[in-house]
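Asks: Each chain is listed here by its residues.
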Amino acid sequence: MTEKTKRGYYLLFLIPFIGTLIPPFYSKMNPQLFGLPYFYWYLILWILITGIIGGIVYFLSETKR
Amino acid sequence: MGVIQIKWQAFIIFLVLFIFVAGVGFWAARWRRGDLTLLDEWGLGGRRFGTWVTWFLLGGDLYTAYTFIAVPALVYGVGAFGFFAVPYTIVLYPIMYIVMPRLWRVCKANNFVTPSDFVKARFDSRSMSLAVAITGILATMPYIALQLVGIQAVLVAMGINSSGILKDLPLFVAFAVLAAYTYTSGLRAPALTAVIKDVLIYATVIVAVIAIPAKLGGFTHIFSVSQGALLAKKGNVILTPKLFGAFSSLALGSAFALLLYPHVITGTLSSKSGRTIERNAALLPLYSVALALLALLGFMALAAGIKTSVSSEVVPLLLLKTLPEWFVGIAFAAIAIGALVPAAIMSIAAANLFSRNIYKEFFNNGATTQQEAKVAKVTSLIVKLGALLFVVVIPLKYAIYLQTLGGIWILQTGPAIIGGLWTRWFHKKALLIGWLVGMAWGTYMAYTLKFASSTYNLRIFGKSELGYAAVYAVVANLVLVVILSAIFNGAKMSNGVDKTSAADYLPDSQIETAANVS
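In order, the protein sequences belong to chains P and E.
Letter by letter, the first sequence follows residues 1 to 65 of my numbering.
Letter by letter, the second sequence follows residues 1001 to 1518 of my numbering.
The shape of chain P in the complex, shown without the other chains (with noise of 0.2 Å):
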């Protein structure tokens, strides 16, 4: 499975989960942001954050093949 190796970059596909599963990191009022507690536009900013991952993984994989 040589190809394997090559395809490290769908590693980015881990940050997400991260960034999202562990609610201690974020569940806090401040700072807040146009008056939303920290919890909503954290977990709102990880939607963009993953739409931009994919968008990586997918220009990547588009010049390695």
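If you're looking for bench data, these hints aren't it; they were derived computationally from the structure.
Nothing here was measured: the structure is a model prediction, and the numbers come from that model.
Some clues are possibly wrong.
Claimed, not checked - Distance ranges between label pairs, derived from CB positions:
1. P:Ile22 / E:Gly1159: 42 to 48 Å
2. E:Phe1020 / P:Gly55: 32 to 38 Å
3. P:Ile15 / E:Ala1180: 44 to 50 Å
4. E:Ser1494 / P:Ile15: 39 to 45 Å
5. P:Leu14 / E:Lys1374: 45 to 51 Å
6. P:Phe59 / E:Thr1448: 45 to 51 Å
7. E:Ile1206 / P:Glu62: 41 to 47 Å
8. E:Ile1006 / P:Ile15: 35 to 41 Å
9. E:Phe1362 / P:Ile15: 27 to 33 Å
To be verified - To list a few chain E residues with every Cβ distance to chain P over 10 Å, as calculated:
10. Arg1105
11. Phe1247
12. Phe1327
13. Val1393
Here a beta-carbon is modelled for each residue, glycine too, at the ideal position from N, C-alpha and C.
Starting from the structure of chain P, add chain E where the hints point.
Replies: Just chain E now, kept in the frame of chain P:
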């Protein structure tokens, strides 16, 4: 209570949009014309949907009207915990990116229409295939019923269907229209109507999150009022530590479960290529933003002083109280059409399962592809009729209970479907026993919770941990599958013949590489 006033302005706009969508649904049969007497065309749209159509179709498939009603309602009821829907629809996409293109490729290579087709061929097991089909149909039925609840909620809020023997007539009409165009157009109908639904949903979301907070005095005020209201009913604006495990396991378990639902697999298989699905896994999170913003409506409802014990009425009542009536008509149409899209896909998916994996497999082995499609079409009608009776005859709470159970059940097909994509080391009998135990224990946990919740307090190693029952059940399932597979394989028990080949799972570009390596 007096006579409920019909909200004419909202209703007329709602009706116009609804009729337009119905027209599009019927016209869809002519769109990208294919032979609709074949199951591949009727039930999978000919597997030709490109990036945009797939985006709209999956958007309508994953984020249903029920989601848009239930998530804010949960936030309204308990606060931060309801926001689990956000991490859920975040981790969903990495999993989708890894799993679904692989499933698409093996299904395309072997002409599989359903996940049961795959399991049957991969593990050479009719019983495991039947288990997957039955689980899928059982989990889908209450899900369709809840889409109807979404339609009913907006009709009730507009003052329609309020009295006497004709009480449910509007719902019947809406569903008859849906059933008719699904029958004639198949998967093409939800694909096209999903586009209209999205335009309406995004318009609603943008207006709602700008106009409503402005009217209620800003988010700071909304959250401080909410905190007071929530503390009074044991909720909280911020997640309390004892709920951390439940929150995360619910998010992770729901993400895996969603990808195993027949309607999601059907939606995925209809796309043009594995690459289309990968592209969508990167683009679909945009819907999660809409969902997160809609979830905040729960707090807005608390701040606006909405008081109701019927959770499905929270969002409709809030919109009526805070937005101009004509715009509410648009928002309500968005919710109702948002119910029709997934309900169509769900009934098609359940029908595909029944036709291919129960009817053809066990009752008419020699069925032609035309007969297969015919049976699927008729089944899609029966499935919808069943869901309709469910909503009208049986109290709503049972549909919600069954939906909770459905999530627990469908996750139990994970070891066979997702596991099967990477390994055939799992023994088919081990998979069956694991599934059975997962189903039984999962159902038992839900039963002890009186089906009112899906987070179970598991006592393990002297500690008790609150977590999603589906996750506990699937861990038990998987552990059993691994242990029993080791035993059965060690004992050289027959494990049938794999009818798929290694190359079926890989993108075209990697097949050569793999051939050189092996």
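Asks: For each hint, tell me whether it holds in the structure or not.
Replies: Results for each hint:
1. P:Ile22 / E:Gly1159: 42 to 48 Å: holds (46 Å)
2. E:Phe1020 / P:Gly55: 32 to 38 Å: holds (34 Å)
3. P:Ile15 / E:Ala1180: 44 to 50 Å: holds (46 Å)
4. E:Ser1494 / P:Ile15: 39 to 45 Å: holds (43 Å)
5. P:Leu14 / E:Lys1374: 45 to 51 Å: Given a distance of about 46 Å, which is inside 45 to 51 Å, the answer is holds.
6. P:Phe59 / E:Thr1448: 45 to 51 Å: holds (48 Å)
7. E:Ile1206 / P:Glu62: 41 to 47 Å: violated (32 Å)
8. E:Ile1006 / P:Ile15: 35 to 41 Å: violated (51 Å)
9. E:Phe1362 / P:Ile15: 27 to 33 Å: The hint (27 to 33 Å, Cβ to Cβ) is violated, given that Phe1362 (chain E) and Ile15 (chain P) are roughly 46 Å apart.
10. Arg1105: holds (14 Å)
11. Phe1247: The claim is violated: Phe1247 (chain E) sits with its nearest Cβ about 6 Å from chain P, within 10 Å.
12. Phe1327: The claim stands: Phe1327 (chain E) keeps its Cβ more than 10 Å from every Cβ of chain P (closest is about 23 Å).
13. Val1393: Val1393 (chain E) clear of chain P: closest Cβ-Cβ about 39 Å, beyond 10 Å.
Checked against the numbered hints given earlier, this structure breaks hints 7, 8, 9 and 11; the rest are met.
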